[in-house]
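Counting along the sequence shown from 1, when you hit position 4 you're at 4 in the UniProt record's numbering, and nothing is skipped either side.
Since the hints were derived computationally from the structure, they do not count as laboratory data. Be a bit skeptical, because a hint or two may be false.
[As the list claims (entries may be wrong)] Simulated crosslink set (PhoX-like; lysine-lysine; CA at most 20 Å straight-line): (1) K121 <-> K201; (2) K145 <-> K121; (3) K162 <-> K141; (4) K128 <-> K50; (5) K145 <-> K128; (6) K201 <-> K6; (7) K54 <-> K6.
[What the hints assert, rightly or not] Ranges between beta-carbon positions, derived for each pair: (8) L153 <-> L96: 42 to 50 Å; (9) D129 <-> E184: 27 to 35 Å; (10) R97 <-> I123: 47 to 55 Å.
This one's a predicted model, so the numbers in the text were calculated from it and none came from an experiment. Idealized CB from N, CA, C, for every residue including glycine.
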Amino acid sequence: MNEPTKNYYIIQYSPDDEGVPHFMDKTWTPALPGYDIYTAPPHQNDFAKKYALKAKSYQLNGDYLLNDNLVSHEFIELCNSLNVNFFYIPTDVQLLRSKVPSKEYYLFFLLDYLSILDQNKSIFTISKDINSGKLNTPEDKGLNKTYYDAIDLFHIKDDVSKHLFFCQEISQPVCSQEFKVKFESLGLKGIEFILIDDNYKYDAWEGW
1 MNEPTKNYYI IQYSPDDEGV PHFMDKTWTP ALPGYDIYTA PPHQNDFAKK YALKAKSYQL
61 NGDYLLNDNL VSHEFIELCN SLNVNFFYIP TDVQLLRSKV PSKEYYLFFL LDYLSILDQN
121 KSIFTISKDI NSGKLNTPED KGLNKTYYDA IDLFHIKDDV SKHLFFCQEI SQPVCSQEFK
181 VKFESLGLKG IEFILIDDNY KYDAWEGW
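Could you put together the complete structure from these sequences and hints?
This is the structure we're talking about:
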């Protein structure tokens, strides 16, 4: 089990317009099934055993292409070394001019969806239904999780022990310090890490 003082980080996409594109127009064969990763992990049985991806990009060398749910073989190995709960599907990638990337790629989905906010030690505002005024929580509305408008102080539960998972409070992947250190020591690329500390604040409406 992780120590209570161990740091955790929000994972965000970090494009460089080279091997980690801001946006990648692409075509999947066969077509991907419908899913909503923000509410629950998709079901592996809904997917094909293998996919082909035509990407309108001249270069691709990122290891965690978060916006496209693509990861490299090196990233898969890192996850396996830390017992991350996930599933992956081999994906043949073809770039512009019929080029292929130097790395092997896979569709990748996290399976651990965790609530890590210690409500007794945190400062937050739960969102309300604009029509009924009820809180958007499992208790009041039968939802699958609690929805927050803001978290001004995010104190993480002491018993969190996973190294990479989808955080239900903020609908983003979160990792342990050990995962971050190993990712960086391996020279992997494609993401940046935002520390969840006393200075971190979550605003569900930021950017709208």
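Cross-check of the supplied hints:
no.: 1; hint: K121 <-> K201; in the structure: holds, 14 Å
no.: 2; hint: K145 <-> K121; in the structure: holds, 19 Å
no.: 3; hint: K162 <-> K141; in the structure: violated, 29 Å
no.: 4; hint: K128 <-> K50; in the structure: violated, 42 Å
no.: 5; hint: K145 <-> K128; in the structure: holds, 13 Å
no.: 6; hint: K201 <-> K6; in the structure: holds, 18 Å
no.: 7; hint: K54 <-> K6; in the structure: violated, 41 Å
no.: 8; hint: L153 <-> L96: 42 to 50 Å; in the structure: holds, 47 Å
no.: 9; hint: D129 <-> E184: 27 to 35 Å; in the structure: violated, 42 Å
no.: 10; hint: R97 <-> I123: 47 to 55 Å; in the structure: holds, 53 Å
Of the numbered hints given earlier, the model fails hints 3, 4, 7, 9; all others are met.
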